[in-house]
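Enquirer: Please assemble the complex out of the two chains, which come individually in their own frames, going by the hints.
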Amino acid sequence: MFEIGLNHYLVLSALVFSLGVLCMATKRNAIGILIGVELVLNSANINLVAFSKYSAGAADGHIFAVFVILLAAAEAAIAIAIFMNFYSALRTIDVDRGDELRN
Amino acid sequence: MDAVAFYIFAAVVLASAVGVVVSKNIVRTAVCLLGTLGGVACLYFLLDANLLAAIQLIVYAGGTLILIVFGVMLTSQSPWVGFKPTRGQAVVATIVALLLAVGIITLTTTADWRPSAEGPLAASPKVADVGNSLLTTYLAPFEVASVLLLVVMIGAAYLARTEK
Numbered sequence: 001m002f003e004i005g006l007n008h009y010l011v012l013s014a015l016v017f018s019l020g021v022l023c024m025a026t027k028r029n030a031i032g033i034l035i036g037v038e039l040v041l042n043s044a045n046i047n048l049v050a051f052s053k054y055s056a057g058a059a060d061g062h063i064f065a066v067f068v069i070l071l072a073a074a075e076a077a078i079a080i081a082i083f084m085n086f087y088s089a090l091r092t093i094d095v096d097r098g099d100e101l102r103n
Numbered sequence: 001m002d003a004v005a006f007y008i009f010a011a012v013v014l015a016s017a018v019g020v021v022v023s024k025n026i027v028r029t030a031v032c033l034l035g036t037l038g039g040v041a042c043l044y045f046l047l048d049a050n051l052l053a054a055i056q057l058i059v060y061a062g063g064t065l066i067l068i069v070f071g072v073m074l075t076s077q078s079p080w081v082g083f084k085p086t087r088g089q090a091v092v093a094t095i096v097a098l099l100l101a102v103g104i105i106t107l108t109t110t111a112d113w114r115p116s117a118e119g120p121l122a123a124s125p126k127v128a129d130v131g132n133s134l135l136t137t138y139l140a141p142f143e144v145a146s147v148l149l150l151v152v153m154i155g156a157a158y159l160a161r162t163e164k
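Sequence lines, in order, name chains B and Z. Heads up: the first sequence at position 2 corresponds to 2 in our numbering, and the numbers run straight through without jumps. Heads up: the second sequence at position 113 corresponds to 113 in our numbering, and the numbers run straight through without jumps.
Calculated directly from the structure, the hints in this document are not laboratory data. Backbone N, C-alpha and C define an ideal beta-carbon position, used for all residues, glycine too. Just so you know, not all the hints are guaranteed correct.
To be verified - What the simulated footprint calls covered on chain Z by chain B, stretch by stretch (three residues with Cβ under 8 Å from a Cβ of chain B suffice, anywhere in the stretch; the number is not a length): (1) 93 to 102; (2) 143 to 156.
Unchecked claim - Here are the in silico distance ranges between beta carbons for each label pair: (3) Z:V27 with B:A89: 17 to 25 Å; (4) Z:V127 with B:R97: 44 to 52 Å; (5) Z:L107 with B:R97: 33 to 41 Å; (6) B:A58 with Z:A54: 14 to 22 Å; (7) Z:V127 with B:R102: 42 to 50 Å; (8) Z:A3 with B:S88: 46 to 54 Å; (9) Z:K24 with B:G98: 19 to 27 Å; (10) Z:A157 with B:E100: 20 to 28 Å; (11) B:A58 with Z:S146: 22 to 30 Å; (12) B:A89 with Z:P141: 33 to 41 Å.
Stated by the list, open to error - According to the in silico footprint, chain Z covers these stretches of chain B (three or more CB under 8 Å from chain Z): (13) 5 to 17; (14) 43 to 50; (15) 65 to 72.
The following block holds chain Z by itself, in its conformation from the complex (with noise of 0.2 Å):
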């Protein structure tokens, strides 16, 4: 059952990595990001990581990829405006990623994880665990976090301003 549903989310998030990758319309291509990051959030509920698919949706799929299309309409003077890249260029971006994937795939799947490849050793971690490392062992960087959101917000809101 597991496996059936990782393969069909798998090919979810391939299908619509690819037409993220071939679409020359860039608001298609903003629409198949939302399937690539719907289908990580359900890849995430089979890991048991429940807190960071809820996280995956709201943040990534309701905000950042809102985000995105408002800055697609903001700077499009129409929606298919699409710039090509030359064939040389996609040529050898093509062959460049190519072998960075069989590279990756090689270099991981070959690759000696201890403890264990085969199988969750222990129970994974609930979301409870999560929110009390957030606050204990990792409080600096929550902290830093949070610090940093502000400087983005007074920045983002300093450099889209209209100069009038």
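Bound conformation, chain B alone (with noise of 0.2 Å):
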């Protein structure tokens, strides 16, 4: 209980991940969705760090959890600019009426 080991780490992320599908889930605000692909991206990386430590010791997990924040950063960035132009062409981002958007 007092002895924290891998296991604290991976329920932690398995509750973090499950948050993150129900947030995807439930927003229909577009960049709700988003924040939920967020918490998913950050659950997985709570994994590779946590391996890192207390299984392979090796630099690998720490490396592919920068990667993964680097691809989340770049999503946010081309998502953001897809709800921009969602919400110019129908003056909202309910992701319900995303059908609309094509011609």
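Expert: In structure tokens:
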């Protein structure tokens, strides 16, 4: 209980992952969905770093986590740009109306 | 001491993740995300990943979150615009998320992680180790990532331009 091991981090990461999936499923605001994706990516990063410390000991996990953070930043930039087009076309970013984006 | 710190930071991460999910106001959602990102950065410090914690705070909390907040400001008529899911959707999503959580927790905690799930085996990698393998073993992904960032920069500027 007072000795923190790999399992503690795995449980925390699983909970954050599930909350991220729940956020993606329940938000209808497109930016809310993007925030859910960020939660999921963070849970993956917790796992990578925890495994790096508790199981491998090499720098590999840290480097994967750096790439995940990089991809998350890139994904957020592109997604926000798309949402701005979405907004200028429909005056809303309700994803349920996303199918109206077709010409 | 480590255990107390872990539980505090884990509580911060989980509480703000729950806040992200339940808050109806999208601005509050973004602020709760800041709490999650900061808590995860503190967990990185606990895991001896100092470089990663700094990157998390600078790139995620400083860059991505600001981008999201700007996105919120540019795309809502008022900050209180909330789109609620129907009750049925919310119930189904909660059940699926609960099943996912239970499944992942049972799977990962009962799995036999080799070499050990009990304690840190080797010394944690230092910042110099991360930098060294980033420029030797992982040089190709590093270069691909830099090209990707360039493509993303151009692509985002192209997509977000005003058509006039």
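Enquirer: Each hint needs a verdict: does it hold in this structure or not?
Expert: Status of the hints after comparison with the structure:
| no. | hint | verdict |
| --- | --- | --- |
| 1 | 93 to 102 | holds (count 7) |
| 2 | 143 to 156 | holds (count 7) |
| 3 | Z:V27 with B:A89: 17 to 25 Å | holds (23 Å) |
| 4 | Z:V127 with B:R97: 44 to 52 Å | holds (47 Å) |
| 5 | Z:L107 with B:R97: 33 to 41 Å | holds (37 Å) |
| 6 | B:A58 with Z:A54: 14 to 22 Å | holds (20 Å) |
| 7 | Z:V127 with B:R102: 42 to 50 Å | holds (49 Å) |
| 8 | Z:A3 with B:S88: 46 to 54 Å | holds (51 Å) |
| 9 | Z:K24 with B:G98: 19 to 27 Å | holds (20 Å) |
| 10 | Z:A157 with B:E100: 20 to 28 Å | holds (25 Å) |
| 11 | B:A58 with Z:S146: 22 to 30 Å | holds (23 Å) |
| 12 | B:A89 with Z:P141: 33 to 41 Å | holds (36 Å) |
| 13 | 5 to 17 | holds (count 12) |
| 14 | 43 to 50 | holds (count 4) |
| 15 | 65 to 72 | holds (count 7) |
Comparing the model with each earlier hint shows no violations; every hint is respected.
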